[in-house]
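Engineer: Quick note, the sequences are listed as chains S and A, same order. With my numbering, the residue at position 7 of the first sequence is 7, and numbering never jumps. With my numbering, the residue at position 137 of the second sequence is 137, and numbering never jumps.
It is worth saying that the hints were derived from the structure and are not from the lab. It is possible that some hints are incorrect.
Partner residues aside, some chain S positions facing chain A, computed with beta carbon under 10 Å [claimed, not checked]:
(1) N35
(2) V88
(3) S115
Computed from a predicted structure; not experimentally measured. Ideal Cβ positions, reconstructed from N, Cα and C, are used throughout, including at glycine.
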Amino acid sequence: MRTRMIIAMVPSLLFGAASADAHAFLDHANPRVGNAVRTAPREVTLWFTQDLEPAFSTVAVTDAAGARVDSGKASVGPGDRKVLHIGVKSLAPGTYKVSWRVLSVDTHTTEGTFSFRVGE
Amino acid sequence: MFRVLLRAATPVFLATLAFASNADAHCFVGQRFLPATLATDDPCVADEMSIPTVSWTKTADVPPANSLDVSVDFAKRITEDFGVTLRENWSHVSQPGSPPRSGFNDFESTFQYQLLKDGPHELALLLGLIVDWGGTGATNAGFGTSFSVLTPTFYFGKGFGELPDTIALARPFAVTGQVGYQIPSSSFDLVAGTPIPQNLVYGGSLQYSMPYLKSSVVDYGLPDFINHLIPLVEAQFTTPAANNFGNSFVTTGTIQPGVIWVGNYFQVGVEAVIPVNGQSGSAIGVMGQVHLYLDDIFPTTVGQPLLGKSTSPTRLPFGG
């Protein structure tokens, strides 16, 4: 009896979750995580695995001294709600840290940091 | 013969109970994700389900028996920090010279409270009480017991994300662990005719997160499948601690190297099961698991705590 109950639960769990969403993981970024770029980027772009809620999703870019070097205004999209952009000031050669925190459309919050280098 | 088998199997059975609650975790701590490990538990309460966990091992009996175990775990948060896991396990044992035996083990429930989730330090602490309900399994077949077992357990998890830049490639490492003490509700087993020991049960995992490497350390442009893998080594041990008159005081356990593939809605794991000595098993076994993230599959219903909602989103610490 217990076996039958357990077996009966499987299809509903696997196939009964219509239009579900999940935690938003960072899929990739430009500049790429941990990599170096020859020329300074004009903006930092992050691609996530899920659609984001713009009001609760943002990113900051800081230099080696911890000073903000971004424009202060992150934006989601347009067109693709998995993409988060933020403009950056003219970046001198050095290492920069990107800190992001996003809310996926199903209300899960995720966060992370990574760095990239300009020059070399 | 049956009593001898039962007596030999008791330490292994109790160890199984102690490590049975392995469904509990969609475990985010800061930017660290600790997957649900197969043999031990991770240090978070969550809404998840393992359906199923399957293992095949060869027991330490003489002659060795083939043991197949199939279990289902359902973990549910009652509040944001308090959760319950329900577990049912079915076993099939075949031994040369004896008729095969099958049946359910004792029903198990685990109550857990989240002590700490420290995101910046990637540290999680959890307290739990595992209750194995005696008399609910196939006692006559040797898969259940007439007595219950309580196991207060402490769990921890720690990511290495704070390591300096010079060893940044080690940041994807993380460790998890648990320590528990089994307290049977009875001190003497009338069927086996032996005292029922109290055991110290402990174990953990060392894991290397490829998702963490790609998203937080360096993106090497590896194939997508590789970027979803978390190779790991688990270990679990049982050491008799008290009321063990007439039984072996030998520590038993297994070392379990393997890998977990992590997706958006579920994960799949497989591990080898290597006995640490002759009392722990007679051959290398295998364990596999499909684990569903209910909080991602049903984000507004089953994936929410029963009492109250998950913490509401707050404005971000940096503008934008």
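Engineer: Confirm or reject each hint.
Structural biologist: Okay, the hints, checked on the actual structure:
no.	hint	in the structure
1	N35	7 Å, holds
2	V88	12 Å, violated
3	S115	8 Å, holds
Checked against the numbered hints above, the structure breaks only hint 2 and satisfies the rest.
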